[in-house]
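Chain A is already provided as a structure; the job is to place chain B with the ligands on it using the hints.
Chains A and B, in that order, give the protein sequences.
Each residue of the first sequence is one higher than the last, beginning at 1 in the working numbering.
Each residue of the second sequence is one higher than the last, beginning at 1 in the working numbering.
Calculated from the structure, these hints are not laboratory results.
It is possible that part of the hints are untrue.
Unchecked claim - Below, a list of computed lysine-lysine pairs in the DSS-like style, where the Cα atoms sit at most 30 angstroms apart: (1) B:112 / A:134; (2) A:133 / A:79; (3) A:124 / B:71; (4) A:39 / B:54; (5) A:34 / A:65; (6) B:142 / B:290; (7) A:134 / B:109; (8) A:34 / B:161; (9) B:71 / B:108; (10) B:54 / A:34; (11) B:2 / B:129; (12) B:191 / B:108.
Claimed, not checked - Residues from chain B that face chain A, not an exhaustive set, calculated with beta carbons under 7 angstroms: (13) 14; (14) 35; (15) 39; (16) 51; (17) 159; (18) 168; (19) 191; (20) 193; (21) 200; (22) 201.
Cβ coordinates follow ideal geometry from the N, Cα and C atoms, glycine included.
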Amino acid sequence: MKSSEILTCFQCGTCTGSCPSGRYTSLNVRRIVKDSVKKDISGEPDLWMCTTCYNCQERCPRSIKVTDAILQLRSEAVKKGRILPAHRKVCRFLIKTGHAIPIDDVHSAIRKKIGLGAPETVHKYPEALKEVKKILKSTGFDELVK
Amino acid sequence: MKELSLFLGCLIPNRYPGIEKATKLVLDRLGIKWSELKEASCCPAPGVFRSFDKITWLTVASRNLALAEEKDTDILTICNGCFSSLMDANNILKNDAVLRDEVNSHLKKIGKEYTGTVEVRHIIDFLYKDIGAHKVRNAIEKPLEVRAAVHYGCHLLKPTKDRKLGGAECPVFFDELVEATGAVSVPYEGKTSCCGAGGGVRSAMLETSLKMTEYKLERMKKAGVDCIVDACPFCHLQYDGGQVELAKAGKTYNLPVIHYSQFLGLAFGYTPEEVGLHLNAIVSPGFEEKIASIQKGNKLLE
Ligand code: SF4
Ligand code: SF4
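The following block holds chain A by itself, in its conformation from the complex:
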């Protein structure tokens, strides 16, 4: 990944020092920035340990969009089919139900009990769900996460 902005990184490490995930994991965002200009690192598992908290991006003295770069590296990984099983599952939920976290029987019952009907979302309107399915097909998302 090459962008003129990333080339201004002077490896100060502010990003890594601000990273809540790096405190506990092998995620070293300073190294990711450094390596991303030299080679394809979309296969690195560490990319998926980022919570997208934006600390690194906010604090970078060179104003490098560090978190956005991680998002971009992730989408390169996805294009190569590198998708974690849990994330694939969430994608399937979206394709099937229009929600990343769909309603279940337990929570339908709870809603009723506290005086709420079915949520006024695609869950209640099948035609609206069809629309979501159609656009997910149109953008090729269903093929992407197959």
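Below, chain B with the ligands alone, put in the same frame as chain A:
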């Protein structure tokens, strides 16, 4: 200013419906005009979908935005994830004609169009900027005297250049709204640090995400708080469900987790059950007794 359409998202209606109910109660109590954003879908969640495929993320978001455009209302979110996805997508599409055309080429197939005519708000930003902490304070009869650990959540604040809610290192607006209820917002170390849930980390790497949660819970507990007040159902799940998960490893905190809509509801005199606290995984009888004794003297409860 336009009226507001309430955007529910996934986690609130489908896992924490008490937050939905409390939100509707407090909006009505404050006389804020709102209606449901019918037919909306997942925002879609920024962690997974935004990192997977930008165009899909933008297109699904733009369909939700187009629903609000059809009604000529702004969107009110009650989740930092929805706020982030919808606001960022709106900003990107308003400013990039090429992406806008691409998104509209997909929307055309379902007879919709994104035109960029509405704004996306978060309930905290809306209450602070458009209603004001003083007005919230005036609506409360008896102060909710509890010690709260306020958790802003990353995407309410950042990226700061887009959120326009001030700096992210030492924000105060949410604390002001919490203190408007009569509560004390207790300072604690690592207050603006992440709960650990975002970016798809909770779903794919639960243990890693819980380490970040533990970091937060330890420091909140040390500060001697009665409860956690959040503004996002994903942070809410991470703290509430996370405490159950951490308890399996022998770490107990017993801190009730309360979305600001629920917290404000309590300050308006609604019972813990009416705002859905009993639907949390962590239910603290001690905290509920405290609320009950505060509310006993509360005229609003008559
Ligand atoms: S904070 Fe910015 S300049 Fe410093 S190492 Fe990280 S990316 Fe490079
Ligand atoms: S956005 Fe990701 S890489 Fe950057 S500080 Fe947060 S967790 Fe670390």
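Holds or violated: residue 34 (chain A) and residue 65 (chain A), Cα atoms, limit 30 angstroms. holds (13 angstroms)
| query | Do the numbers back the hint for residue 51 (chain B), that is, is its least Cβ distance to chain A under 7 angstroms? | reply | holds (4 angstroms)
Tell me if the straight-line CA distance from residue 191 (chain B) to residue 108 (chain B) falls inside 30 angstroms.
violated (44 angstroms)
Exercise. Let me know if the C-beta of residue 201 (chain B) comes in closer than 7 angstroms to any C-beta of chain A, holds or violated.
Key: Cβ of residue 201 (chain B) sits 5 angstroms from chain A, so the hint holds.
- Starting from residue 124 (chain A), check that the Cα of residue 71 (chain B) is at most 30 angstroms away, please. holds (19 angstroms)
**Prompt:** Is the Cα-Cα distance between residue 142 (chain B) and residue 290 (chain B) 30 angstroms or less?
**Reply:** With Cα atoms ~13 angstroms apart, residue 142 (chain B) and residue 290 (chain B) stay inside 30 angstroms; holds.
Quiz item: Holds or violated: residue 39 (chain A) with residue 54 (chain B), Cα cutoff 30 angstroms?
Solution: holds (22 angstroms)
With a cut-off of 30 angstroms on the C-alpha distance, tell me whether residue 34 (chain A) and residue 161 (chain B) pass. The given pair, whose Cα atoms are some 25 angstroms apart, holds under the 30 angstroms limit.
Interface hint for residue 193 (chain B), Cβ within 7 angstroms of any Cβ on chain A: This interface hint holds because 5 angstroms falls under the 7 angstroms limit.
Taking 7 angstroms as the limit, does the beta-carbon of residue 159 (chain B) come near enough to a beta-carbon in chain A?
Since chain A brings a Cβ to about 6 angstroms from residue 159 (chain B), closer than 7 angstroms, the hint holds.
### Task
Would you mind confirming whether the straight-line C-alpha gap from residue 133 (chain A) to residue 79 (chain A) stays at or under 30 angstroms?
holds (20 angstroms)
**Prompt:** Regarding the hint that residue 35 (chain B) lies at the interface with chain A, is the smallest CB-CB distance below 7 angstroms?
**Reply:** violated (9 angstroms)
The structure is inconsistent with the numbered hints 12, 14, 19, although it conforms to all the rest.
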